[in-house]
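Asker: Following the hints, put chains B and C in place on chain A, whose structure we already have.
Same order as they appear, the protein sequences are chains A, B and C.
Here the numbering used here is used: the first residue of the first sequence is 323, the next is one more, and so on.
Here the numbering used here is used: the first residue of the second sequence is 654, the next is one more, and so on.
Here the numbering used here is used: the first residue of the third sequence is 155, the next is one more, and so on.
No lab work stands behind these hints, which were simulated from the structure alone.
Mixed in with the good hints there might be a few duds.
Taking lysine to any residue and the SDA-like style, the derived pairs with C-alpha atoms no more than 20 Å apart in a straight line are [as the list claims (entries may be wrong)]:
(1) C/Lys238 with B/Trp1002
(2) A/Lys362 with A/Asp325
(3) A/Lys382 with B/Tyr772
(4) A/Lys382 with B/Leu771
(5) C/Lys408 with B/Pro917
(6) C/Lys365 with A/Thr408
(7) C/Lys365 with C/Met300
(8) C/Lys293 with B/Val769
(9) C/Lys408 with B/Pro994
(10) C/Lys238 with B/Glu1000
(11) C/Lys289 with A/Arg388
(12) A/Lys447 with A/Met433
(13) A/Lys447 with C/Asn338
(14) B/Lys875 with B/Pro663
(15) A/Lys447 with C/Glu344
(16) C/Lys266 with C/Glu215
(17) C/Lys202 with A/Lys362
(18) A/Lys364 with A/His419
(19) B/Lys732 with B/Pro663
(20) A/Lys353 with A/Ala436
(21) C/Lys238 with B/Gly934
(22) B/Lys997 with C/Glu239
(23) A/Lys400 with A/Gln389
(24) C/Lys377 with C/Val398
(25) C/Lys333 with A/Asp441
In silico contact screen, one side only, chain A against chain C (beta carbon under 10 Å); selected entries [said to hold, decoys possible]:
(26) Gln389
(27) Leu411
(28) Ile444
The beta carbon of each residue, even a glycine, is placed where N, CA and C say it ideally should be.
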Amino acid sequence: MYDRGKIVTGIVIGLLLFLFPVFYNLGRAAKEPDPVLTDKAKQAKECIEPKAFMKTEHMKMLDEWRQEVVRDDLRTYKSTSGKMYTKSLQNTCMDCHSNKSKFCDQCHNYMAVAPYCWDCHIAPKENG
Amino acid sequence: MLEKALKGSPIYWGWLIVLLGFIGTGFLVYLYQFQEGLRITGMSRDVSWGFYIGQFTYLVGVAASGVMVVLPYYLHDYKAFGRVTILGEFLAVGAITMCLLFIMVDMGNLPRVLTVILYPNPTSILFWDMIVLNVYLFLNIIIGWNVLSSERKGIHYPAWVTPLIYLSIPWAFSIHTVTAFLYAGLPGRHYWLTAIMAARFLSSAFCSGPAILILLCLIVRKVTRFDPGKEQIRTLSSIVAYAMILNVFFFLLEMFTAFYSQIPGHMHPIVYLFSGLEGHGKLVPWMWTAACFAILALLLLIVPASRRNEKTLVLACISVFISTWIDKGFGLVIGGFIPNPFEKVFEYWPTLPEVVISLGVWAMGFFVLTVLYKMAVSVKEEVAA
Amino acid sequence: MMAMDRRQFLKITGLSALLGLGGKTAFEWLAPGEAEAAIQQATKLAGKKWGMALDVTLLDEEIMSKCIQACHTYYNVPNIGNSKEELKWIWKETYDHSFPGQENEYLADKFKAGNFLLLCNHCTNPPCCRACPTKATWKREDGIVMMDMHRCIGCRFCMAACPYGARSFNWGDPRLAPKALNPNFPTNSEIPTRSKGVVEKCQFCAERLAKGQRPACVEAANKIKPNAMVFGDLDVPDSDIRKVLRTRYSIRRKPELGTGPNVFYMI
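Next comes chain A alone, as it looks inside the complex (with noise of 0.2 Å):
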């Protein structure tokens, strides 16, 4: 083929960028998401949906309820156990997992995801 060793030189350059994260994280497994809840949560039996629902579904819940709050003035959420809860990141989910580091960081570390929230929403004072 024409150019062929520029071809492939800026083939294999290519490879090295595309796959650096891998070779740079290469024999390091991050630790495995270990997340503690707080006393008040565990006594609390349920957080206000059921614990699979809030594992696949908190993300897309916390946007409607910032939709919600803010713009429609609607600031209070009906579980489905019927239960009534005040929509608020900071003061409702918050007050129970106040344990930020150990609980919502253990699988946002992980996952490297760093969600914008905490720009503005005060995350918990944790002791130590």
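Answerer: What follows is chains B and C alone, placed relative to chain A:
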């Protein structure tokens, strides 16, 4: 045709590398701004738009000026301009690129900028400005590219390009009118709240843009084997002359309304710009420089002998550029914010990071312009051969 | 050996990509919506046209300072320490600067000397809402000109549009404001701060209204002098604010601009 831009003289590559240097530096400083926030600029609570938006406003004018070569050629069959329409269209592409980049660097939260498309607000002029600018960019790229490649193949451009060309003519007027509407509809800013804003914008666009185009044509003639033509440059210089007369006339109209009515809201921004207000007068020497260069430009352009002499024409075009750039790229935006809604003066001056980022954006525009011009000129040289 | 040429290939690839993306979006649009289960809180303060009347004769420097402190404390508005980047939702200005269209060289002494308390006027016809390209600021049905910090792109067009200088921009990260000036920041852990790059302003304490509380500044002022600030629904003919506006002469800032400001200064 882009392969034409990959072959060039050492000067060509040297110029591109210099531009890349400015672009790279500008980008690095922009990363610093992205990290720290816009506090590293000179903007403040009172002067919340500054150099970036001023440059954007000036460059929308330059982009709109492409119509000054397109209109005579396509609507009035002025065949001579056939040699330079592509240069006007590619100048528009380079200018719009800079406009969009200046908007991007000015955003407080750039990652969210596409929310304008997700949640548009049709009452917002910024929304319409985004639409007209982007459509104009695509129009010029598509028209310029197709006409140029048809010229290269020795055939007439395809029929579907024609309606786009006709659309681009009123569209050019619209981009600068909409940009003027950004300013002219805000109730609290008396320097901008004038019906003549769009007319002023268009007149300054149609002298500054063609002036830059003349300078570019002369450079093209010097460094390549393509000569845009003596007649073309002459006609362009007449356009610059008339537009500059209108531009200065409109400004004098503003002066009359402000100072004959003696209404403080109308007078104060102009007093601040030209004489200082409450002891603050950072822009005064700049505005008077703009005024002097405007007078010089008018003299050189109105007197036929100096307009036809290409050496004095160069001086006239540079004068037009300096004068309009200061007036529109600097004085316009800052004058709108000073005095502030409380009739207090809080001054603005761009910081070094702001200037470096701006230079990076200008360099990017010139990079795009150089590559496109190289391509266009090479095609024209090839066809002539 | 390719039967088609490069152009055709590119055309087909492009079209496929568009259809692929478009198809996914269409699928999401056509998917059934989810039923909302949201019920209003019974204790919320509801209104159609919130307004505020300030009794200039009762508001003195001390009360005004307390108002500013109450607001900035409740909403975590930091003191940046310089007027270039300052954030202020409510502040003081002299007569000349509060009402520039009403200059009066021979103004009564008591107005010449003192300050007025300025804030967002939550206009009936707000130019800022017209200007915002993303509706990050908009006029709610209860009259409050609200800010959606999740949507603001920081273009600052609203700041240019506001004739009252009511809006502040976060030129930097507000959490990085000088610690010496903000020792207890954030002062209210129930309310978020803002991030850099968004515009902020008074929101007539929408969060407090939802809990049945009056705005922080009104509460702070009335604690010291009852009825120094009256907050109420201008749409209700016998509301407190309408009653007091019927009996006292009041002025507004720049009414000639047609913005319809809803903050009244009873002089």
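Asker: Starting from the hint list further up, note which numbers the structure goes against and sort them upward.
Answerer: 2, 12, 17, 19
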